[in-house]
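K.L.:
Okay, here's what each chain looks like letter by letter:
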Amino acid sequence: GNSVTQMEGPVTLSEEAFLTINCTYTATGYPSLFWYVQYPGEGLQLLLKATKADDKGSNKGFEATYRKETTSFHLEKGSVQVSDSAVYFCALSTPQAGTALIFGKGTTLSVSS
Amino acid sequence: GAVVSQHPSWVICKSGTSVKIECRSLDFQATTMFWYRQFPKQSLMLMATSNEGSKATYEQGVEKDKFLINHASLTLSTLTVTSAHPEDSSFYICSARDPGDSQNSPLHFGNGTRLTVT
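The listed protein sequences derive, respectively, from chains B and S. Positions 429 to 541 (the working numbering) are the ones given, in order, by the first sequence. Positions 129 to 246 (the working numbering) are the ones given, in order, by the second sequence.
Because the hints were derived from the structure by calculation, they are not lab data. Honestly, I wouldn't trust all of these hints.
Computed spacing ranges between beta-carbons, pair by pair [stated by the list, open to error]:
| # | chain 1 | residue 1 | chain 2 | residue 2 | range |
| --- | --- | --- | --- | --- | --- |
| 1 | B | Glu-504 | S | Lys-192 | 37 to 45 angstroms |
| 2 | B | Lys-488 | S | Lys-183 | 34 to 42 angstroms |
| 3 | B | Lys-484 | S | Asp-155 | 25 to 33 angstroms |
List of simulated lysine-lysine pairs, BS3-like, C-alpha gap at most 30 angstroms [stated by the list, open to error]:
| # | chain 1 | residue 1 | chain 2 | residue 2 |
| --- | --- | --- | --- | --- |
| 4 | B | Lys-533 | S | Lys-148 |
| 5 | B | Lys-533 | S | Lys-183 |
| 6 | S | Lys-169 | S | Lys-148 |
| 7 | S | Lys-192 | S | Lys-142 |
| 8 | S | Lys-169 | B | Lys-496 |
| 9 | S | Lys-169 | B | Lys-488 |
| 10 | S | Lys-183 | S | Lys-194 |
| 11 | B | Lys-533 | S | Lys-194 |
| 12 | B | Lys-505 | S | Lys-169 |
| 13 | B | Lys-484 | S | Lys-169 |
| 14 | B | Lys-533 | S | Lys-192 |
| 15 | S | Lys-169 | B | Lys-533 |
Coverage of chain S stretches by chain B, computed from C-beta distances (three or more under 8 angstroms per stretch; other residues unrestricted) [to be verified]:
| # | segment |
| --- | --- |
| 16 | 165-172 |
| 17 | 237-244 |
For clarity, every value in this text was computed on a predicted model and none was experimentally measured. Here a beta-carbon is modelled for each residue, glycine too, at the ideal position from N, C-alpha and C.
All chains should be built: construct the whole structure from the sequences, respecting the hints.
P.N.:
Written out as structure tokens, the structure is:
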């Protein structure tokens, strides 16, 4: 079946540090991959996405590259800010219409000044 | 962009009562909506797929008589937690995909409903 595995958190960083949150997936076919972010007390927001191998999604300084050979979609940011503190979810969907997202367990990021 | 509105944002109820949560797509019509449940510090677990005009499809382990889903129109799905108990306390989130988007498009999420059963 389809599944997403994320690195365990929490991740604690100082401001301006480099961030990597690992995400690997198992899927049949060619899934689309997403990173969602959940700020404290809020709902989920799409951060970035990639729909095919070697695509790079980017937004707000975050990047992730769809690596089919390693079935990975690691999230990176060169210099984190306190405002980036949130829970980050890696997710996938299969190409069929009407399918739900499958989420990883989420990684809590805490950035201190 | 597409907006999904969920109401209420939080609710406290007594054990044994029922609670209804509404999920609306505000600027698009959604033939399919998804209901998730999120436990503290855990991931989102898909509960069911809500299909307009037909019965919902429940994931394994989710009691359909406990969590009643009605998708009466193309812009509204409701989740009713019947005879709620403290173990039903959780964060419930609905989502939908704008059918005008591609099949690879992301889901749009409501802001969630925090249910506390006392």
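K.L.:
When the hints from earlier in the document are held up against this structure, which numbers fail?
P.N.:
none
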